[in-house]
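2 protein chains.
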Amino acid sequence: MLRWKDTNEWCLPGGFIYKEESVDTAAERVLRERTGLGHIYLQQFHLFGEAVRYDWQDTWQRQQIPFPFGSRWPKRTISAGYYALVDYTKVTPTTDFMSDECSWWDISELPSMLYDHRNIVDVALKTIRLQLNWQPIGLNLMPEKFTIPELQRLYEAVLDRPLDARNFHKKITGLNILKRLDERRTGGAHKSPYLYQFDEDNYQKALINGNLIFI
Amino acid sequence: MLRWKDTNEWCLPGGFIYKEESVDTAAERVLRERTGLGHIYLQQFHLFGEAVRYDWQDTWQRQQIPFPFGSRWPKRTISAGYYALVDYTKVTPTTDFMSDECSWWDISELPSMLYDHRNIVDVALKTIRLQLNWQPIGLNLMPEKFTIPELQRLYEAVLDRPLDARNFHKKITGLNILKRLDERRTGGAHKSPYLYQFDEDNYQKALINGNLIFI
DNA sequence: GCAAAAGTGTTCAGTATACACCCATGC
DNA sequence: GCATGGGTGTATACTGAACACTTTTGC
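Residue numbers (my numbering), protein chains in the order written: chain A, 5 to 219; chain B, 5 to 219.
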């Protein structure tokens, strides 16, 4: 999220759509401007179209700084929500001209957010939970090499409930979408877990066949 | 679908959004104008935002009738797609000022359609298939009283695959969401099937608990 | 040595699937 | 009487859920 200049207010990154640019293309462009990454998994999930989505005048008066757009700010905005699936260890968020901080937040520790952005996060999460079984969420959200307990923590974060480690291990390896490497991750004060990679061909096949069901 | 005046071209019903009207409200209004029905299950499913979605000038030139909007037609439109779940036996579609026919079509017998509307139908269908287990699709698409084979035909149409009648019967009655009435449907040259009603309370509970899984 | 997390197998219950015959009705 | 579609039960395979101990590593 971005923190607006000279304030403590956070909001999701976003941008405007050019007149002759598709909405999908605009989403890719905004993401690239913000993260430097392209060719990324990006999924539209909802159009936020309330007639009055927030009182920006009030918001800016509370900040006690002049509204930076003046009359150029549109009377009404609708927002198309997109979620990206990125390995956040590879992404260095960068600020834009309106913000002086841009950083990752744990989903369970979000700060208070401007406008209706908290609602946007909630709708995104709900959508991702339902789409977990038919979108390549694991593939895109994990680093290239990872351990099975790390993948389990991703599933637990998305589903917001604990999973049994033995059953998870059994199920995920039984799907035939992982390749175990000879390497292990060392450094923890415990048995070193094996590293795995996704088998992209089999992963795609399993997605198409709807075989990744975790609900 | 609507057939444009003096043409053989069909398209989905749609309309514009007022400046101070939420997108959801506009969808309800357009549906009400077209069907006379309100308080209906209406679900946004996708924003169609291509920069150039169709060449309307070409479309109208092919019709060889003057374009009815002239310069008032916007240079670019984006469309928010909504699907409604209605008992179509209760709905009498009505034309608007641009069309002279409005009627229901079987999903497997759609005519060729204007613009990108065929794509919109395909995206809607794909969405409904995935949401079948978490949206009250059966409840809203069936008449108040119906037989189990009729409900099975709905599921088969949405899922686009045949289901085993014995297993379907067993599963759907086992869900405890149907109430069997003493009436039967007569008139067919075969054993008269029992009529059922949804038990709305139990249906809602089953939806929330995600117990309607058919995939 | 000890704390922390990884790795591993079995049992049980519940659910999905496959499958065939008789019954009621209208014509 | 015959064609049509409705109604029904069982056996099997599969899948999900519950559950505890040993191993490895860093400090």
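None of these hints come from the bench; they were simulated from the model.
Given the structure is predicted, the values throughout are model-derived calculations rather than measurements.
Take these hints with a grain of salt, some might be off.
No distinction is drawn between identical chains; accordingly, a pair holds when it is met within one copy or between any pair of copies.
[Said to hold, decoys possible] The calculated DSS-like cross-link candidates involving lysine-lysine, where the alpha carbons are at most 27 angstroms apart (straight line), are:
1) Lys79 with Lys183
2) Lys175 with Lys195
3) Lys130 with Lys209
4) Lys23 with Lys79
5) Lys9 with Lys149
6) Lys149 with Lys94
7) Lys209 with Lys23
8) Lys175 with Lys79
9) Lys130 with Lys94
10) Lys149 with Lys79
11) Lys9 with Lys94
* Which numbered hints does this structure break? -> Numbers 1, 5, 7, 8 and 10, in rising order.
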